[in-house]
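This is what each chain is made of:
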Amino acid sequence: MKLIQAIIKPFKLDEVKEALIELGIHGMTVTEVKGFGRQKGHKETYRGTEYQIEFVPKIKLDIAVEDKRVTEALEAITRAAKTGSIGDGKIFVTELQSVIRIRTGESGEGAV
Amino acid sequence: MKLIQAIIKPFKLDEVKEALIELGIHGMTVTEVKGFGRQKGHKETYRGTEYQIEFVPKIKLDIAVEDKRVTEALEAITRAAKTGSIGDGKIFVTELQSVIRIRTGESGEGAV
Amino acid sequence: MKLIQAIIKPFKLDEVKEALIELGIHGMTVTEVKGFGRQKGHKETYRGTEYQIEFVPKIKLDIAVEDKRVTEALEAITRAAKTGSIGDGKIFVTELQSVIRIRTGESGEGAV
Amino acid sequence: MKISNSLIKLGLLIAVMVGMGEWSVALAEEGTVPTIDTGDTAWIMVSSAFVLCMMLPGLALFYGGLVRSKNALGTIMHTAVILCLITLVWVICGYSLAFGPDIGGVIGSLEWVGLQGVGSEPSPDYASTIPHQVFMVFQLMFAAITVALITGSFAERMKFKALLLFSVLWSLCIYSPLAHWVWGGGWLSQLGVLDFAGGAVVHISSGFGALVCAMVLGKRKGFGTEPMPPHNLPMTLLGTGLLWFGWFGFNAGSALGANGGAGVAFIATHIAASAGGLSWMVAEWVHRGKPTVLGIASGIISGLATITPAAGFVGPLSAMIIGAMAGTLCYVAVVWKMKLGYDDSLDVVGIHGVGGCIGIVSTGLFASIGATGLFFGNAGLFGIQVFLALVTLAFSAIGTYIILKIVDWTVGLRISAQDEEMGLDLSQHNERAYS
Amino acid sequence: MKISNSLIKLGLLIAVMVGMGEWSVALAEEGTVPTIDTGDTAWIMVSSAFVLCMMLPGLALFYGGLVRSKNALGTIMHTAVILCLITLVWVICGYSLAFGPDIGGVIGSLEWVGLQGVGSEPSPDYASTIPHQVFMVFQLMFAAITVALITGSFAERMKFKALLLFSVLWSLCIYSPLAHWVWGGGWLSQLGVLDFAGGAVVHISSGFGALVCAMVLGKRKGFGTEPMPPHNLPMTLLGTGLLWFGWFGFNAGSALGANGGAGVAFIATHIAASAGGLSWMVAEWVHRGKPTVLGIASGIISGLATITPAAGFVGPLSAMIIGAMAGTLCYVAVVWKMKLGYDDSLDVVGIHGVGGCIGIVSTGLFASIGATGLFFGNAGLFGIQVFLALVTLAFSAIGTYIILKIVDWTVGLRISAQDEEMGLDLSQHNERAYS
Amino acid sequence: MKISNSLIKLGLLIAVMVGMGEWSVALAEEGTVPTIDTGDTAWIMVSSAFVLCMMLPGLALFYGGLVRSKNALGTIMHTAVILCLITLVWVICGYSLAFGPDIGGVIGSLEWVGLQGVGSEPSPDYASTIPHQVFMVFQLMFAAITVALITGSFAERMKFKALLLFSVLWSLCIYSPLAHWVWGGGWLSQLGVLDFAGGAVVHISSGFGALVCAMVLGKRKGFGTEPMPPHNLPMTLLGTGLLWFGWFGFNAGSALGANGGAGVAFIATHIAASAGGLSWMVAEWVHRGKPTVLGIASGIISGLATITPAAGFVGPLSAMIIGAMAGTLCYVAVVWKMKLGYDDSLDVVGIHGVGGCIGIVSTGLFASIGATGLFFGNAGLFGIQVFLALVTLAFSAIGTYIILKIVDWTVGLRISAQDEEMGLDLSQHNERAYS
Ligand SMILES: Nc1ncnc2c1ncn2[C@@H]1O[C@H](COP(=O)(O)OP(=O)(O)O)[C@@H](O)[C@H]1O
Ligand SMILES: Nc1ncnc2c1ncn2[C@@H]1O[C@H](COP(=O)(O)OP(=O)(O)O)[C@@H](O)[C@H]1O
Ligand SMILES: Nc1ncnc2c1ncn2[C@@H]1O[C@H](COP(=O)(O)OP(=O)(O)O)[C@@H](O)[C@H]1O
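Chains as they are written, first to last, in the working numbering: chain A, 116 to 227; chain B, 116 to 227; chain C, 116 to 227; chain D, 26 to 460; chain E, 26 to 460; chain F, 26 to 460.
If you are wondering where the hints come from, they were derived from the structure by calculation, not from laboratory data.
There may be inaccurate statements among the hints.
Computed cross-link-like contacts, SDA-like style, restricted to lysine to any residue with a CA-CA straight-line distance of at most 25 Å [as the list claims (entries may be wrong)]:
(1) 149/C <-> 211/B
(2) 158/C <-> 431/F
(3) 158/B <-> 141/A
(4) 315/D <-> 357/D
(5) 197/C <-> 447/F
(6) 149/A <-> 167/C
(7) 158/A <-> 168/C
(8) 158/A <-> 134/C
Restraint ranges, calculated between C-beta atoms of paired labels, are given here [said to hold, decoys possible]:
(9) 164/C <-> 444/E: 41 to 49 Å
(10) 441/E <-> 165/B: 54 to 62 Å
(11) 310/D <-> 136/B: 50 to 58 Å
Every residue, glycine too, gets a C-beta built ideally from N, C-alpha and C.
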């Protein structure tokens, strides 16, 4: 089992979700985050004073997937989240030692 | 050391916290997230137009625990967070390579 | 590649960011979280009724770094985030199996 | 030309008299037709609009900010729908029951059903210098806000259908009779009770109706065990400001003209609000160690509710004392609630019930303008006022209990535990306050 | 004694007449100087302030709450900047075009440019008991709010520069002529059309201007495919309350005095708002299974918009029927919109356009006070009113289309797709609503 | 009997004159008893309520939206508690000091302490057509808002206890004397200074008091290094709208009657607000490349503050010029602040201080109604007005400095660095704005 953490542009959320559903991945957890990176933020002006806001709104997706589906999941996310312009985001993959479904107590791949 | 990430129903937060405290686990980090999964969301209606909102509010708990307490922690969380109905959530466990307490700089199990 | 998750005091965000930039680490993802730990929260009073609020606002930083820079990154964060008083936070390090930059599809260290 | 000019001048001369409140009264006594005074009419129309503003957005946001965000809209909805509903009820028959020709001191007749006979001439019975319709709409606002006040006690758990039925029944069976007894020429008014702008009719009645509601509906899930902090206090402070603003219409408008009496009520209202705000703030500061913003807001409302029956009868220093008592005693009442263990969620009892009682009794103590209270030598009034408070309290409490039982038997009072968990907004209205 | 008393009575009689609008007109005709009545003046100043409150904060927040949070400030800005801009336009020449000395029934002359000759004496032509300047500023508020209403149709996608140019052109080329035709002695008024407070001049004109805007600007990115729920409904409800509050000035102020006629308009306004709120709520309840808070708010505004032209001419029960029709039919119109597929983002067409038409036509049906509609035996008025609705609709639609084309050719109408993604707040104003 | 009748007629005659603003002055001089005019009374009660609305919720939310969310409640609290506190101070002795019988042109006597002798008859000295109590409460609102304005300069860092002490001292030692000098028959009024609604008494005094506060309290932690964007600009825009709305009472109410003069002030106020909003917006657009929503709001307030002393004395086009200057120059002043390096957190100096000075001086230039300024041929007035600005500025600055020192020595001015980090809401009040 792997945990995929994808940081994407907020307006891409729906497309990524659809892409994953097509693969039969029906679960994910979404967090609103702010990103800092190459993409420069924006300027704000209040009463003539300018601020450079460096943090950009992003969405973080946490998706647990069985090992065998990791590659296709990564591809699907990459495809759906891509605009080609700076700031499209990153995908991080970590090893999951175990997964439990709280409702049933079952664990392992069946729990996802 | 393990990092437990538990996604639970928001109103279960207090019970889970109490259950962990009973075990002597006194630290955790809480994030408001939205979940997508088997539990269907809800309908919203604005001026006669209906939207199906698929994302459900959830709470994500990050808890770092020593290896030897992982099992009891998982049990406690599962017990406390369970309602038996769809959407109770998941628990993910990953391996922590190191933990540092910023205040003291100490690392390892003592840092938790 | 490692994923560093640092939980810090909110007003330390700018200092930590500067410290990382000095090291040449130009990317990170920020989440607003609430922490529970040794630092006790605060009291709130509404119409004479007192509540003990146990959760304290914290910032979580996710930073993916190449293995060779982990040590200096951890040092920089620890130094910048430290006030010496309870509640300064924790740093968790996990192994990253892979990293992908969505924009280009490139993966591995170059993707960070 | 010259003649017509002098005639016009003469007319103007006389027109001035119309401008003077006292005169029209004198004239009315002589049996002449009452005439409209534009200043008085302007003031009562403004006052009516002010009282509307007290409800929506005032009270709606005051209450809306105090609940948890999942109930924000549902709470605002209570006030909004009551405003619409009671408007129609009042027009159709509530006004006639309250202010229509008296039947045995008990109730108004149905002669004015559908506002028949309520025209744009002044009424011979009420407010002789403004159109009868304007008097009617000013009273309408009082009828609506009284029911809306109660909703704070059962916030976050009432079925929407139950709310509708409850409101209509309460308005017709509790408010209209009470208004008739005190203001519409009914038996209490014949006893000489004083209730300038509704300490009994509005605040005691809603406050003790609220107590019964809180007891019958029971506590919210989690009450007393989990924190339920207000989700948006700036919203509540906005509501506070609008309530204060509108209360000038409520109280000074109750003089039914833009005259010296309105001025008396205006300053008493303002002073009592300020004294109420400060005294609650200080009480909480002493008791809990910090002055709070919700505290000053609650104190302001306590001061306003409490001065309501007295506003036109007391001088500025009396108003200050009444306001100071209001803030302190209502604070004590609200803190006690936790000990008594009922869940009057937004403290309608502690503020409006207790405040209304203090106000009605204080009127019997401090009245010095156009009436004489105990402190100025007239013990009789004091007794009458205590009687008024008790009658109102009992009538409202018992009546509310019966109505709640009827509503429970018919549509059911309380939402399911699951809906309560979900919140009123999603469970009752398929909406969320913030997206 | 008796003689002087009868003289006084006579004077009073006359005084009453002075209180009533018609007489002062009669007097003016006799060549006497009209005199200021303080009550009337107070009421119209208050009414002007109320209408300001309808715009900022009222309408600004009503609309602001309905959009997504990235557009909250930009949406509020629309109303704010229009208010400032149209104020200057009106003072410089808009008022003169609308209300200045008539030229052939088509337009006002430029005699009053820069408010020359608009002094603190009553005007000989309008509102003979209040300063001319007060009449002017009351009308100014109407001019400003009409343009502001339109902005709901192109919310979240209009270029800021385009908004400025559009507003000035629309006010000068559509609003001023229309106001002149109906209220300034122009050709429509000569036909005997009735529009008490602006069902045609304000609501039909803005509503059908809005339709053309929605069609010419096109849909928002994502419209119909992604949910665009209101970002802050309590803000919208706050706006609703302030609009209702201010509408008393709008409608009852249009009596131009604090008299019986104002009272008629005041209660009609209040009753129609309530009936509108309830009927929309019930319609949605039946149709979608739940009563909604945005629904009652929308229904209230529908009721208010619809009663506007009729307010001074109808009794309370007619107002109730008109309000009930408004809530139901506007709901139907808004639901239909989705089928027609244009993106009138905040439903200006469904509420103000449709409401305005219902109101103008209903005036021809229900008028019974100071005018007679079809249901009271006068079919002629009905025809005239239908004609008024059609003329206004056509004039506004065509004029708006031409203006939009001009604006598109000069500064461009729509922001870039990227700016739309980012939101108006950051892309047009370098600001965020919430930090 | 006949005699009494003629007496009545005589009274009536006089009453007519009272109805007309200019006349009442003449009569007062002749020693006749002033009578209440209902229209005037309605208008001043409404105006008083409007000014309350300017404070709470108006100013409270205007300021509350501009700070960071951790200080939202603490900032709202400043206005709320000042409103309550200064109300009591004013009733107890502030009014007597300001408006009581003059002592040597310097201060009012204590004759009216506790409002003794301030009844519901008109005062012989002020506003002869409204109850004295109504005049008193109208002035009360001015006293309260002036202190509240200052709080913007030391936002987010003042100790709550310090705020209380400061407010009482400032009101008694700065406001009451100034009000006496300019409006209460004191030495400045004897020089013939013009300050229609408080350009000097309210805006210069608070603006330069604020400057001293900002300098003595020092910068906020992080000022200039970390961004401190407003946490809720829609809240600030709501405040802006309510301030504009209320300002009609502030300025047009200062005519103390619903007459032509009120109309003059009303339209000047509205036009200057609009011109101010647009000119600030344009200035920022040119300077920074984008028009901003906070910019137009700030410009509106600048225009309103600036027109305040001139409102009743200038025509519409002068008002437009004054408003346009206000928006531009206040913007420049606010931008300069950053260079001067003091932390006037919410720009009280740049808007009220600078605006007040421009307004007082402009009155000396543009006055043409009931007074004559430089541009209309009277250089003398200009000199007097400059003198008024300087005296007020110096008196307020010095007085504020002394008061701050006293407060610092007694209770301490500033919260600890840790409390500042935590925010006023939690550290001073144990509350959070949003949960
Ligand atoms: N080293 C990193 N660790 C964690 N998150 C990162 C890192 N680098 C970038 N990110 C996240 O990815 C987002 C996009 O990165 P950015 O450098 O702006 O563009 P790109 O993805 O096109 O390289 C950032 O906003 C941030 O949220
Ligand atoms: N594959 C997944 N990866 C990450 N989070 C998931 C995944 N599946 C479910 N979740 C999270 O768990 C929550 C509960 O899952 P759901 O399928 O609704 O019910 P259940 O836990 O009863 O199976 C979801 O709302 C989501 O936050
Ligand atoms: N076991 C844990 N797992 C996850 N997060 C933790 C854990 N312990 C502490 N934290 C996080 O670290 C923060 C600081 O911890 P705390 O015990 O208050 O102080 P300190 O870091 O000084 O030991 C907490 O608020 C919480 O967010």
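Verification of the supplied hints:
no., hint, in the structure
1, 149/C <-> 211/B, "20 Å, holds"
2, 158/C <-> 431/F, "32 Å, violated"
3, 158/B <-> 141/A, "19 Å, holds"
4, 315/D <-> 357/D, "16 Å, holds"
5, 197/C <-> 447/F, "17 Å, holds"
6, 149/A <-> 167/C, "29 Å, violated"
7, 158/A <-> 168/C, "36 Å, violated"
8, 158/A <-> 134/C, "23 Å, holds"
9, 164/C <-> 444/E: 41 to 49 Å, "48 Å, holds"
10, 441/E <-> 165/B: 54 to 62 Å, "31 Å, violated"
11, 310/D <-> 136/B: 50 to 58 Å, "33 Å, violated"
The earlier numbered hints that this structure contradicts are 2, 6, 7, 10 and 11.
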